[in-house]
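Residue numbers (the working numbering), protein chains in the order written: chain V, 857 to 974; chain C, 857 to 974.
It cannot be assumed that every hint is accurate.
[What the hints assert, rightly or not] Example chain V residues on the side facing chain C (calculated, C-beta under 8 Å, incomplete): (1) Ala862; (2) Ser867; (3) Leu875.
[What the hints assert, rightly or not] Computed spacing ranges between beta-carbons, pair by pair: (4) V/Ser907 - C/Ser906: 32 to 40 Å; (5) C/Arg914 - V/Ser861: 20 to 28 Å; (6) C/Asn858 - V/Glu921: 43 to 51 Å; (7) C/Gln902 - V/Ser861: 35 to 43 Å.
Because the hints were derived from the structure by calculation, they are not lab data.
Just so you know, even glycine gets a beta-carbon here, dropped at the ideal spot from N, CA and C.
Protein chains: 2
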Amino acid sequence: MNSVSAIDAFSALAQPSRLEAFRLLVRHEPDGLPAGEIARRLDVPQNTMSSHLAILARAGLIASERHSRSVIYRARIDGVREMTSFLVSDCCGGNPELCAPLVAEFSSCCTPETANAC
Amino acid sequence: MNSVSAIDAFSALAQPSRLEAFRLLVRHEPDGLPAGEIARRLDVPQNTMSSHLAILARAGLIASERHSRSVIYRARIDGVREMTSFLVSDCCGGNPELCAPLVAEFSSCCTPETANAC
DNA sequence: TCAATATATCGATTATCTTGGATATATTGA
DNA sequence: TCAATATATCCAAGATAATCGATATATTGA
């Protein structure tokens, strides 16, 4: 991750339809959803959503795989990790205690044992 | 955090000068830097940087405090946490194991014990 | 090969963002 | 109060992005 790809990722998420599409795909991990289904659920024209999905994919935030006539999109959680990590990287290196809130958030919310607490 | 404020945060970081300003402030936690110093270090005109800082502040990613003639800006790491948390929230609820990579990243990089490993 | 289905690309219009000169406001010391 | 310093706001030009109708491409079953 570098400045250019970070800009791509933040730009990709800085648009309502794309942000919601990404969050929809996050909720549908690990199965993903076909492009048309995403467009339908978010009530966005098919071609508009197709452009948006292409932007998310170029930014490394979603991945696509053709399944017969459909193209299935999936969220790339790793993309979020890379993006966030880039954002706070030197904070961690120099003053690790400052990132504690981030660790706390993901530790308490995302580990299987404590998931129902969030 | 909701869709609107998430869009504000992502938009704020989706611009080179603002992204670098934020990362500069992250590296200068917890002291912060005066507005003029940020502009100078990133080689951006003072008024342009002032607009950018205002956008980051409105997005909740930085905070300002006047110190005599200077305005000191500081990164709000919590802002990053809120933003990232919003992005993957329902993934955590439904399938917590999918967020494991995020937890792993921050746990291994940002805790005091393992900080030098990153 | 043809029709049906699913998705992607093209292109033009409209809207939004970025930039920085000029200028305003805020604070301090003399 | 005045000059110096630090930051913010205004505004207009240029650049960039969003939207969606029309159309192209890809895949399947008949």
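Each hint tested on the structure:
Hint on V/Ala862 holds. Least Cβ distance to chain C is approximately 6 Å, under the 8 Å limit. Below 8 Å, beta-carbon pairs count as interface contacts, and V/Ser867 has one with chain C at about 4 Å; its hint therefore holds. Against a cut-off of 8 Å between C-beta atoms, the interface hint on V/Leu875 holds, since the closest Cβ of chain C lies about 6 Å away. Under the hint 32 to 40 Å, the C-beta atoms of V/Ser907 and C/Ser906, about 34 Å apart, fit the expected range.
Look at C/Arg914 against V/Ser861: about 25 Å separates their beta carbons, and that is inside 20 to 28 Å. The hinted range of 43 to 51 Å is not satisfied by C/Asn858 and V/Glu921, whose Cβ atoms lie roughly 31 Å apart. Range check, C/Gln902 to V/Ser861: about 29 Å between beta-carbon atoms, so the 35 to 43 Å window is missed.
The structure fails to meet hints 6 and 7 from the earlier list, while all remaining hints are met.
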